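Enquirer: Given next are the chains, with one letter for each unit.
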Amino acid sequence: MSSAPVEGLLREAAPRALAALIRRHGRFDACEDAVQEALLAANLQWPERGIPDDPAGWLITVASRRLTDQLRSNESRRRREDAFAFSVPRGDVEVADEDDTLTLLLMCCHPELTPASQTALTLRAVGGLTTAEIARAFLVPEPTMAQRISRAKQRVQRAGARFEPPPPSDAQARLAVVLHVLYLVFNEGYAATSGTEVTRVELTAEAIRLTRLVHDLRPDDGEVAGLLALMLLNDSRRRARTGPDGTLVPLAKQDRSRWDLGLIEEGIELVTVALKGSPLGPYQLQAAIAAVHAEAPEAMDTDWAQITALYEVLERLSPSPVVRLNRAVAVAMVDGPEAGLDLLATLDKDERLAAHYRVTAVRAHLFDLAGEHDAARSSFLDAARSSTSLPERRYLEAQAERLNSPGFSPSRCRSDRNPLDALPE
Amino acid sequence: MKYLLLIYQNPAARQALPQPEMEALMGEAGTIMDELVETGEWIGGEALADPSTARSVRVRDGLAAITDGPFAEAKEQMVGYCIVDCETMQRAVEIATRWPEARLWGMEVRPILSPNGVEM
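Residue numbers (our numbering), protein chains in the order written: chain A, 1 to 425; chain B, 1001 to 1120.
Heads up, a few of these hints could be off.
Claimed, not checked - Now the stretches of chain B that chain A is said to cover, found in silico as 3 or more residues with beta-carbon under 8 Å: (1) 1012–1022; (2) 1074–1082; (3) 1101–1114.
Stated by the list, open to error - Covered, in the sense of this in silico footprint (three residues per stretch, anywhere, with C-beta under 8 Å from a C-beta of chain B), are these stretches of chain A: (4) 110–116; (5) 389–398.
Hints listed in this document are in silico derivations from the structure and should not be mistaken for laboratory results.
If you're wondering where the values come from, they're calculated on a predicted model, not measured in any experiment.
Ideal placement from N, C-alpha and C gives every residue a C-beta, glycine not left out.
Chain B extracted, bound-state conformation (with noise of 0.2 Å):
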């Protein structure tokens, strides 16, 4: 099963963060993707520019509103994301522990949809 981690921080704390500490972080990250390519779990992902650089579309009546900034208004904001393939949701959650994003801000975990299904 495949799982999407998403990644949130918060933009303002990050800025404040010492830079030797905001480096610690981003190794600590790569460890853990070292890990999981070796154990064959990695199946890839990013880093997002910074949520002030987003715009957020939508349309209404057929009519486009274009907005700068991302789409929801919360001091924590999407700034990656990661997609792993394990045995189970625990694993997953187990992984997104790790993640020194956990510990500061946030990490979601979402099953991704199988584009196959079982036997009905």
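This is chain A alone, in the form it adopts within the complex (with noise of 0.2 Å):
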């Protein structure tokens, strides 16, 4: 038999019963030893003797044989051990609903935690990678990540959570942090560029699937359906992102045909459900935004006029710099690189972005635009300096120097000019 329905079983198995033993025993450390036991006799196992009928409640079963073996091994506490064995029948035990795992999410993205250990324990618990596959996809040591992920698990433990869904009237915002981390997660794996880093492309795949069972949990709430638009939509361009040697394409120059038209179809038609019904939110307009990407057959046809109407309606709602910042891309794009650049002068004041590479990034495409070739050249090195992304800092250099080259023409460069391309989608 092949291992891939194994793990396919696995991974969704292996929540619920993580969550399943957390609700009874409370004690997340000793509760994911035993899943993680109780995940490698099923390795062992499910292969040679086939998959149980009820892959979780199997799971479960083992795993509470695990946590009391363990804790009866310890002598110090034998008389509270043998009081839980006998509380917990063997073979008798309910396999976790469905909510299960939303609570799981819910404990995983406490708030008392740093949003790097919330995305690390969400992965480690719910999303079921191991730590050495995490480290991996944030290029840090294995033991960094071990510390990191045991750490925000004490935590958690300290700040009393409870293995129960929060209040009602806390509920959205926990819901809230939640689609944070999935948000961050799906970029961590987005961000990077194709090579060796295969494990990232399956950290955008862990997102999606994370999201997809929310979605399925909380299939009424909009911002949930459009968070995994979102990713649909961003993850349909993924074989177009990057050239044949690894290089970032900017959105405006990927080859179109190469985008995933089903996942464009699925994105498209979620977020479309999601606005008709909900209440309106900021990731169903970033994917309203996305869709609207989607559905141009080449870059020139962009709707550029419907991307500034609804940057304007995400920036009422949820004002930020960086939104700003695309506002004034699309008012470029409609309106001509003076009224970009005139939208772009209301950042400077603002401290959290006056700094910051992209702002100056997407000044010099303004000015690039504009005809400014030596405005456009010294602010595409001064954003080149100030990025921490090496294929960024190269991509920037590399505008500055067409700038700079003897055979410089406008007309010839003019559809590699692109304010767009400054910009993360």
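Two chains, two separate frames, one set of hints: put the complex together.
Expert: Right, dumping it as structure tokens:
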């Protein structure tokens, strides 16, 4: 038997088993160890003996036994364990309902944790990635990631997080944290270039899988649907995003025949339904913007007026310097580069972004578009100096170099100049 | 985001420190390192041998000029480094601020270029 179906089943069943154990025993660390051992046993036994009818139930039974054994072996706690062991009738375990996975997600995204810890713990406990895989994906040594995860577990425990859904008054805010973490996981995978870091594609896949799960549990939540749509629409461009040599291809220059039409269709469908039936939210609006890009057969056909309108609503709903920056690009495409530069000037006093290279990069592109080559060139170089990403720095230096070359002809290069090139999607 | 923390000392002034004081300094740094391991922010780091053991290499017109001693002719010299992975530059600076060398000489904090870029 191939191991692929086993792996898929385990990935789905593991968080449900973990949730069931934590609900009963409340000890994150011990429960997780027990589930890990059960997973190992499943990996060995299932391919040979066949997949049990109830994979999650099987895991819970085995993990409960391991947990019992583990606690029993601790002499000083014998009495409590004995009582506990009797309280768990063997072979008579209930399978956690689906909502338990959401409770587990909410626990991993506890507000006491930093975003980095929330992300790591989510991938470990709900995503079922190994510590080594998560460490590789975030380019940190495995012991560092192990520390981060174990510390996160302790913090959750210390914060007194009980295994139960948050009170209704908190539920929406807590769900928003979960969505943000899934968004970060997706971006962590999506921001990677191709090449050797294959695990990063696993991160986007994992983020999509978990967001789908949350969407199944909360089908009427427009923001959950919006986030899923946003991920699918971004992911649809994956094959077109990198050139053969691994360099990034800006949105405006991507070969759109390589976009995944199935994902685009699904994303557009999701966001359309959400926009009609739910209160408007930032993820829905970002997905709607991604959908407008996806609907354009060529970059030049992009409906920038619609994108500008969507950014205006987005900025009213959730104002941020990054949204303002994106809106400046859209405005430049509709009303000309000077209008974009004017809007960009309003960001100069914003401390959060004033010195950020991305503002400088967009400004460089707008100067370029306006034909102010010297200003454009020095802005490209400024932006390159302050960028902390290697491919981005190379890209910005190449833009400056292009403006420097003696054979440079504005008309020849016009199609190369698109302020969108300076932005993340 | 990963940051490189460059640790500077004035070797002459360091030599002049009494042994107990020197040990106290190293203990201080050790405490911070333990704490960073605990938070998962510690990536790695090393102390460097004395600047006088350095060789500087410059190749000009195909000819290598190798000289004894460190590259920069300054009283302060780099004596070690560490790499931390933390949420913000502010946090990295906070870590550097606690290093004893920051009090006595100087520390430099530099973001490390990320090998993967965001979509442009």
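Enquirer: Compare the structure with each hint and give your call.
Expert: Each hint, compared with the structure:
1. Interface restraint, the segment 1012–1022 of chain B with chain A: violated (0 residues with C-beta to C-beta distance below 8 Å; minimum three).
2. With a threshold of 8 Å between beta carbons, the proposed coverage of the segment 1074–1082 of chain B by chain A is violated, since 0 of its residues qualify and at least three are required.
3. Coverage of the segment 1101–1114 of chain B by chain A holds [criterion: at least 3 residues with CB-CB distance below 8 Å; count 4].
4. Three residues within the 8 Å Cβ limit are the bar, and the segment 110–116 of chain A against chain B gives 3, so the coverage statement holds.
5. Only when three residues or more bring their CB closer than 8 Å to a CB of chain B does the claim for the segment 389–398 of chain A stand; here the count is 6, and the claim holds.
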